[in-house]
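Take a look at the letters that make up each chain.
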Amino acid sequence: NAGVTQTPKFRILKIGQSMTLQCTQDMNHNYMYWYRQDPGMGLKLIYYSVGAGITDKGEVPNGYNVSRSTTEDFPLRLELAAPSQTSVYFCASSYSNSVIYGYTFGSGTRLTVV
Amino acid sequence: QQPVQSPQAVILREGEDAVINCSSSKALYSVHWYRQKHGEAPVFLMILLKGGEQKGHEKISASFNEKKQQSSLYLTASQLSYSGTYFCGTSPATQGGSEKLVFGKGTKLTVNP
Chain A
2 NAGVTQTPKF
12 RILKIGQSMT
22 LQCTQDMNHN
32 YMYWYRQDPG
42 MGLKLIYYSV
52 GAGITDKGEV
62 PNGYNVSRST
72 TEDFPLRLEL
82 AAPSQTSVYF
92 CASSYSNSVI
102 YGYTFGSGTR
112 LTVV
Chain B
706 QQPVQSPQAV
716 ILREGEDAVI
726 NCSSSKALYS
736 VHWYRQKHGE
746 APVFLMILLK
756 GGEQKGHEKI
766 SASFNEKKQQ
776 SSLYLTASQL
786 SYSGTYFCGT
796 SPATQGGSEK
806 LVFGKGTKLT
816 VNP
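From first to last, the protein sequence lines stand for chains A and B.
Heads up, the first sequence is in our numbering, so the first residue is 2 and it goes up one at a time.
Heads up, the second sequence is in our numbering, so the first residue is 706 and it goes up one at a time.
Some hints here could point you the wrong way.
[What the hints assert, rightly or not] No farther apart than 25 Å at their CA atoms in a straight line, the calculated lysine to any residue pairs in the SDA-like style are these: (1) K773(B) x M42(A); (2) K45(A) x D722(B); (3) K755(B) x Y102(A); (4) K755(B) x G744(B).
Read the hints as simulated data drawn from the structure, not as lab findings.
All of these numbers come straight from a predicted model, not from anything done at the bench.
Chain A with its partners taken away, still in its complex shape (with noise of 0.2 Å):
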């Protein structure tokens, strides 16, 4: 089992350029989540979904988008990229809620923007 993987694990850009930060699981697990980890932060929700088609806003939404068409994969989409977005993203998976299921995260993708 490959778990959550995560694509690209490093990638720099520019300020104003655009990107698609990759995640799929493939443990059919209905929940999936975007944090972004700054350091002495601690994780920040962006965004999550709870199934397929939908999606809502986590505590830091602003300047990212996601899509859920499938349950394998949840790309989260950064428009406009901004210094302050420069930051480790972590997609993470559950089963059902965070009640009684724990998350399992990917590896990251440590993005700088310059």
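Given chain A, put chain B in place with the hints provided.
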């Protein structure tokens, strides 16, 4: 509301014990604990549900005090492999829990030989 973790950092010698606390200002339904090694993804350790449950995972256990809205992670006879940053993630008690967690800022644990 982000839970507050304490201490921010702790340094141990191999074989020593440590306690990491996670406190919330809101009533909680569940608390998750994760460990993240440098440059890697967080790894799930355990979940505690409201009701004061205590759980164990090898020499790592945790408790959940519903009345105090606090969870504590206990690491006994620490090993070098325990080094990393420990995060708690909380789910509020509204409507029996929520689809998403709010994570604390983390506690960096260093175990030296």
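Okay, the hints, checked on the actual structure:
no. : hint              : in the structure
1   : K773(B) x M42(A)  : holds (24 Å)
2   : K45(A) x D722(B)  : violated (30 Å)
3   : K755(B) x Y102(A) : holds (14 Å)
4   : K755(B) x G744(B) : violated (32 Å)
Taken one by one, the earlier hints fail for this structure at numbers 2, 4, listed in ascending order.
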